[in-house]
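Chains as they are written, first to last, in the working numbering: chain A, 1 to 51; chain B, 1 to 354; chain C, 1 to 388.
Among the clues, some could well be false.
Listing some non-contacts, in silico: residues in chain B with all C-beta distances to chain A over 10 Å [to be verified]:
no.	residue
1	His29
2	Leu73
3	Glu111
4	Ser116
5	Pro190
6	Gly197
7	Asp242
8	Ile282
9	Ile328
Here are the simulated lysine-lysine pairs, DSSO-like style, with alpha carbons at most 27 Å apart [claimed, not checked]:
no.	chain 1	residue 1	chain 2	residue 2
10	B	Lys286	C	Lys165
11	B	Lys225	B	Lys92
12	B	Lys312	B	Lys252
13	B	Lys299	B	Lys324
14	C	Lys165	B	Lys284
15	B	Lys241	B	Lys96
16	C	Lys35	B	Lys62
17	C	Lys195	B	Lys252
18	C	Lys165	B	Lys288
19	B	Lys225	C	Lys35
20	B	Lys286	B	Lys252
21	C	Lys230	C	Lys35
22	C	Lys80	B	Lys284
23	B	Lys306	B	Lys295
24	C	Lys195	C	Lys80
25	B	Lys85	B	Lys62
26	B	Lys295	C	Lys315
27	B	Lys324	B	Lys312
28	B	Lys85	B	Lys96
29	B	Lys284	B	Lys295
30	B	Lys284	C	Lys195
31	B	Lys286	C	Lys80
32	C	Lys195	B	Lys241
33	B	Lys85	C	Lys195
34	B	Lys299	B	Lys288
35	B	Lys92	C	Lys157
36	B	Lys295	C	Lys35
37	B	Lys315	B	Lys299
38	C	Lys195	B	Lys288
39	B	Lys68	C	Lys315
40	B	Lys286	B	Lys299
Honestly, the hints are just simulated from the structure, not real lab data. Heads up, the beta-carbon is just placed ideally off N, CA and C, and yes, glycines get one too.
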Amino acid sequence: MEYYVYQDFMLHTKSITYILMGLFVLGFWGFWAFMTSRDEEIHKFPEHDKE
Amino acid sequence: MKRRQFLGLLGAAGITATLGTTKAQASTHSFEGYPGAKGVLFDETRCIGCRKCEAGCNKVNKLPAPAKPFADLTVLNQERRTDEKTYTVVNKYRGKNGPAFRKMQCNHCMEPACASVCFVHAFTKNPDGSVTYDPTVCVGCRYCMVACPFNIPAYEYSDPLTPRVMKCTLCHDQIQKGEQTMPGCVEACPKEALTYGKRDDLLQIARARISQHPERYENHIYGEKEMGGTNWLYISGDPFKDIGLREDLGSKSVPEIVSGPLSVVPMVAALWPALLGGVWAINKRKEKVAAEEQKAAVKAARAAAKAEGEAKLAKAMENAERDKNQAIEREVKRALEEAEAAKKDAGDDGGEGA
Amino acid sequence: MSTENNNKSLMTPANIITAVILAIGLVITVLRFTKGLTGVTNLDQNNPWGLWIGFDLLCGVALAAGGYTTSSACYIFGLKKYHSAVRPAILTAFLGYALVVFALHYDVGRPYRLVYPIFYQPGTTSLLFEVGLCVFLYVTTLAVEFSPAMFEWLGMKNVRNAIHKLTLPLTVFGVVLSTLHQSSLGALYIAVPSKLHPLWYSPYLAILFFVSSIPAGLSMVIFEGTLAHKPWHHMMDKTHLDEHEGVILGFSRGAAISLGAYFCVKLVAMAYDNNWSYLATGWGAWWLLEVVGFVLAPCLMYAIGSREKNIPLIKWAAALTVVGIILNRLNVSLIAFNWQLPSSQRYFPSFYEIMFSVFVVTLGVTIYRFIVSRMPIFFEHPDYKDAH
Chain A
1 MEYYVYQDFM LHTKSITYIL MGLFVLGFWG FWAFMTSRDE EIHKFPEHDK
51 E
Chain B
1 MKRRQFLGLL GAAGITATLG TTKAQASTHS FEGYPGAKGV LFDETRCIGC
51 RKCEAGCNKV NKLPAPAKPF ADLTVLNQER RTDEKTYTVV NKYRGKNGPA
101 FRKMQCNHCM EPACASVCFV HAFTKNPDGS VTYDPTVCVG CRYCMVACPF
151 NIPAYEYSDP LTPRVMKCTL CHDQIQKGEQ TMPGCVEACP KEALTYGKRD
201 DLLQIARARI SQHPERYENH IYGEKEMGGT NWLYISGDPF KDIGLREDLG
251 SKSVPEIVSG PLSVVPMVAA LWPALLGGVW AINKRKEKVA AEEQKAAVKA
301 ARAAAKAEGE AKLAKAMENA ERDKNQAIER EVKRALEEAE AAKKDAGDDG
351 GEGA
Chain C
1 MSTENNNKSL MTPANIITAV ILAIGLVITV LRFTKGLTGV TNLDQNNPWG
51 LWIGFDLLCG VALAAGGYTT SSACYIFGLK KYHSAVRPAI LTAFLGYALV
101 VFALHYDVGR PYRLVYPIFY QPGTTSLLFE VGLCVFLYVT TLAVEFSPAM
151 FEWLGMKNVR NAIHKLTLPL TVFGVVLSTL HQSSLGALYI AVPSKLHPLW
201 YSPYLAILFF VSSIPAGLSM VIFEGTLAHK PWHHMMDKTH LDEHEGVILG
251 FSRGAAISLG AYFCVKLVAM AYDNNWSYLA TGWGAWWLLE VVGFVLAPCL
301 MYAIGSREKN IPLIKWAAAL TVVGIILNRL NVSLIAFNWQ LPSSQRYFPS
351 FYEIMFSVFV VTLGVTIYRF IVSRMPIFFE HPDYKDAH
C-alpha cells in the first residue's frame with residue numbers, strides 16, 4: 001500500500017508501535033517471572049514463616 | 001539453543017511479512033502528496049477586498065449571518081481572524097501602492113499540523129487535497145488550534161456540551177456530492193483572484209505569472225514549501241510578511257518536526273524495564289552478598305569469641321589444676337613436717353629409757 | 001489513633017474555608033456546563049490552552065512526580081531508608097493525577113469522549129495521545145499502589161497481600177509510564193516552534209521536562225513532609241519520625257544532582273540553536289530569573305544543605321524548586337507561548353479559572369486530610385509489619 005502523505009504513513013507505523021509497546025511490557029514481566037521462578041525466596045522476617 | 005534461534009527467526013520473518021507490506025520506508029521514500037490533489041491559487045495583485053468570497057463561503061456552508069453584512073467594507077479597518085462562524089476573512093494591509101488585501105483561510109497543508117497532533121485522528125488529508133475535520137470523534141482538546149502555525153482552527157467555546165472546531169473544508173463535502181464544482185469562495189470572486197485546480201497546475205500557473213511579470217510579483221510562491229508545502233498557494237505584489245503571511249515558518253512540516261521525539265517513545269518501553277530490572281537485580285545481589293558476608297562475619301566473631309572463651313577456660317582449668325596440685329603438695333609437706341615434728345617430740349621425751 | 005478528631009466539631013477554620021471553596025467549585029461547574037468555556041474562562045481563538053492546561057495539567061503532573069521517584073528509590077534502587085516516605089508520596093501522586101483527570105473534564109469540550117483516543121480511534125501520531133494513554137495507565141497503577149493502605153484500613157488482608165506482591169512490577173511500570181508522560185508533556189510544545197519564544201522552545205523539550213520532574217518530585221516530598229509534620233505528628237510512627245531527617249538529607253542530595261543535570265540540559269538546549277543573544281533582551285532577563293533564581297540557586301542550596309546537614313536550608317531549597325517548576329511550566333505554556341502576539345491579544349486567566357484551580361487543589365488537600373488521618377500512610381499498620 002503506497003503512502004502519499006507522511007502523516008498517514010506515521011499513523012500506520014505508530015499504531016503498530018504502540019501495540020508492540022504493550023507487548024514489550026507484558027512480555028518482559030512474563031519473561032522476568034519465568035526466569036526468577038526458581039529463585040530462593042528471601043525471608044526477611046523468619047518469625048512470619050511460622051504460620 | 002539452535003531450535004530456539006530457528007523458531008525466533010521464523011517468528012521474526014512472519015511478523016515482517018505481515019507488517020512489511022508497504023514499500024514505503026520513511027528513511028528512503030519521499031512523500032509527495034496525492035497525485036492530482038487540488039488546491040487554490042490566490043493572486044494578491046487581483047484582490048480588491050470586496051468580500052464576495054466571504055459571502056460565498058458563508059452561503060455554501062450555511063454559516064450563521066455575520067454581525068455586519070459582507071457588503072460593509074469598514075470591517076476591513078480591523079485585522080480579523082477566522083472564528084467559529086467564519087471560515088474565511090479578507091484583511092486589508094498597507095501595500096506598496098495603496099491598500100493590499102489578503103484572504104485568510106485554512107491552507108490545507110500537505111502534511112497538516114492539525115492531523116499530526118490530533119489524538120483522536122479527527123483530521124484527514126483527503127486525496128482531493130482538502131484537510132477535513134470529523135466532529136463525531138472530536139473530544140475538544142484544542143491541540144489542533146495550538147499547533148496550527150497559521151492560527152486557523154476556531155472553536156465554539158460557548159457551546160457547553162457539543163462544541164466543534166470550525167475551519168474551511170475546501171468545500172470537500174459539497175464538491176463530493178456534486179453540489180459545487182469548486183469552492184464557494186473561488187466561485188464568488190469577481191476578479192479571478194482565486195483559481196481552483198490541481199496543485200501542480202497551480203504551481204505552473206503561478207510560475208508563469210511571475211516570470212511573465214517579474215516587476216509585478218514577489219519572486220516566491222508562498223505555500224510551495226512553507227511548513228512542508230500547502231495546497232493553498234499565494235503569489236503577491238507585496239512582500240508576504242506585509243500581507244500577514246509569516247516568513248519565518250521554515251519548510252519542515254509538523255509531522256516531520258515531531259517525528260524525532262515520537263520515535264523515542266517506544267525505546268523507553270523497550271529499554272526501561274530491562275534497565276530497571278537490571279538495577280534491581282544488581283541491588284538484590286549486593287544485598288544478598290552483604291547479608292552473607294555479615295552472616296559469615298557474625299559466625300566468625302562467634303567462633304572467635306567461643307575459641308577465646310574456651311582458651312580462657314582451659315587456662316583457668318590449668319591454673320586451678322596447678323593450684324590444686326600445689327595445695328596438695330603443701331598439705332603433704334606440712335603433714336610430713338608435722339609428722340616429723342611429732343616424731344621428734346616423742347623421741348625427746350622417751351629417748352633415755354630405751 | 002484516628003478517632004481524636006472525630007469527637008471535635010467539624011467546624012474548624014480549615015473546614016469552613018474548604019466548604020466555601022468547594023461551593024465556589026460547584027458554581028463554576030454549573031457555569032461551565034451551561035455556558036460553555038466562554039462563561040468561565042478567558043480562552044479565545046488565539047489562546048486555546050489556558051491556566052487549566054498550564055497549571056492544573058502541566059504543573060500538576062510535574063509536582064506529582066514524587067510518586068515514581070520515591071518508590072523507585074526505595075524498591076528499585078534499594079534505598080530502604082526512604083520506605084516511610086513511599087506511601088505519602090504515592091498518595092500525593094495518586095491524588096495529583098486523579099485531579100488532573102478531573103480538571104480535564106472541565107477543560108475539554110466533550111469530556112464524555114475522553115476515552116475515545118484510547119478505546120475508539122487513537123491518533124497515534126500525537127504526543128497528546130501518548131500523554132493520555134500513559135496518564136490513564138498511570139492513574140490506574142497509582143490507585144493499585146495506594147490500595148494496600150486502604151485495604152489495611154478495611155481489614156481486607158488477603159486482597160492487601162495479593163496486591164503487595166505486585167509492588168516491584170508496579171513500581172517498574174510506574175517509572176516507564178512516568179518517563180513517557182513527563183517527557184511527552186514537554187514534547188507537546190515541540191510541535192509549535194513558531195509560537196514559543198526561542199529561549200523556551202527546544203527540540204529537547206521532552207528531556208527538559210523529564211529531567212526537571214525529578215527534582216520536582218523530590219522537592220514536593222520534602223515540602224509536603226514539612227507541611228504535614230506538625231498537623232499529623234500524632235499519626236506518625238517511630239519509623240516515620242526516625243527516617244524523616246534521613247529522607248530530607250538523602251532527597252536533597254538527589255535534588256542537587258538532578259537540578260545540576262537539568263541546568264546542563266538547559267545550556268545544551270541554548271547552544272543547540274545558538275540562542276545566546278536572546279539573553280540580552282527582556283525575555284532573556286526573565287529566563288535568567290527562572291534559571292539562576294529557581295534552578296541554580298536551589299541546586300546550590302541543596303548541595304550545601306546536604307553537605308552541612310542544614311535542614312532549614314534544604315526546606316527553603318525545596319520551596320524554591322517547587323516555585324521554579326511551576327514558573328517553568330507556566331512560561332512554556334502561557335507566558336512565552338504566543339509571545340509574538342500584541343499584548344491586547346495575550347491571555348490572562350479569568351477569576352473563575354483561577355478559582356477553579358484553587359478548588360481543585362483544595363479538593364486534593366481535603367481528600368488527603370481525610371485519608372492520612374485514618375489510613376496507614378504515616379504509620380505502619382501493626383498487622384502488616386513486613387512492608388520492607
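Against the structure, the hints:
1. His29: violated, 8 Å
2. Leu73: Since the minimum Cβ distance to chain A is about 39 Å, Leu73 (chain B) lies beyond 10 Å and the statement holds.
3. Glu111: violated, 5 Å
4. Ser116: violated, 6 Å
5. Pro190: Given that every Cβ of chain A is farther than 10 Å from that of Pro190 (chain B), nearest at about 34 Å, it holds.
6. Gly197: For Gly197 (chain B), whose nearest Cβ neighbour in chain A is about 18 Å away, the distance exceeds 10 Å, so it holds.
7. Asp242: holds, 31 Å
8. Ile282: Per Cβ check, Ile282 (chain B) is outside 10 Å of chain A; nearest 14 Å; holds.
9. Ile328: holds, 53 Å
10. B:Lys286 x C:Lys165: Satisfied, since the Cα-Cα distance of roughly 21 Å is no more than 27 Å.
11. B:Lys225 x B:Lys92: Distance ~25 Å between Lys225 (chain B) and Lys92 (chain B) Cα, so the pair holds.
12. B:Lys312 x B:Lys252: Roughly 87 Å separates the two Cα atoms, so the pair is violated.
13. B:Lys299 x B:Lys324: Between Lys299 (chain B) and Lys324 (chain B) the Cα gap is close to 36 Å, so the pair fails against 27 Å, i.e. violated.
14. C:Lys165 x B:Lys284: holds, 16 Å
15. B:Lys241 x B:Lys96: The given pair, whose Cα atoms are some 12 Å apart, holds under the 27 Å limit.
16. C:Lys35 x B:Lys62: holds, 24 Å
17. C:Lys195 x B:Lys252: Cα-Cα ~15 Å, so holds.
18. C:Lys165 x B:Lys288: Given pair Lys165 (chain C), Lys288 (chain B) holds - Cα atoms ~20 Å apart, limit 27 Å.
19. B:Lys225 x C:Lys35: Given pair Lys225 (chain B), Lys35 (chain C) is violated - Cα atoms ~42 Å apart, limit 27 Å.
20. B:Lys286 x B:Lys252: Violated, at about 50 Å.
21. C:Lys230 x C:Lys35: Roughly 43 Å between the alpha carbons, so the hint for Lys230 (chain C) and Lys35 (chain C) is violated.
22. C:Lys80 x B:Lys284: Holds, because 12 Å separates the two Cα atoms, which is no more than 27 Å.
23. B:Lys306 x B:Lys295: Given that 27 Å is the threshold and the Cα spacing comes to 16 Å, the pair holds.
24. C:Lys195 x C:Lys80: violated, 46 Å
25. B:Lys85 x B:Lys62: It holds: about 10 Å lies between the C-alpha atoms, which stays within 27 Å.
26. B:Lys295 x C:Lys315: The hint is violated at about 39 Å.
27. B:Lys324 x B:Lys312: Holds - the C-alpha atoms of Lys312 (chain B) and Lys324 (chain B) are around 18 Å apart, at most 27 Å.
28. B:Lys85 x B:Lys96: Measuring from Cα to Cα gives roughly 32 Å; hence the hint is violated.
29. B:Lys284 x B:Lys295: holds, 16 Å
30. B:Lys284 x C:Lys195: violated, 49 Å
31. B:Lys286 x C:Lys80: holds, 13 Å
32. C:Lys195 x B:Lys241: holds, 16 Å
33. B:Lys85 x C:Lys195: holds, 24 Å
34. B:Lys299 x B:Lys288: Roughly 16 Å separates the two Cα atoms, so the pair holds.
35. B:Lys92 x C:Lys157: With Cα atoms ~74 Å apart, Lys92 (chain B) and Lys157 (chain C) exceed 27 Å; violated.
36. B:Lys295 x C:Lys35: At roughly 71 Å apart (the allowed maximum being 27 Å), Lys35 (chain C) and Lys295 (chain B) break the hint.
37. B:Lys315 x B:Lys299: holds, 24 Å
38. C:Lys195 x B:Lys288: violated, 54 Å
39. B:Lys68 x C:Lys315: violated, 60 Å
40. B:Lys286 x B:Lys299: holds, 20 Å
The structure fails to meet hints 1, 3, 4, 12, 13, 19, 20, 21, 24, 26, 28, 30, 35, 36, 38 and 39 from the earlier list, while all remaining hints are met.
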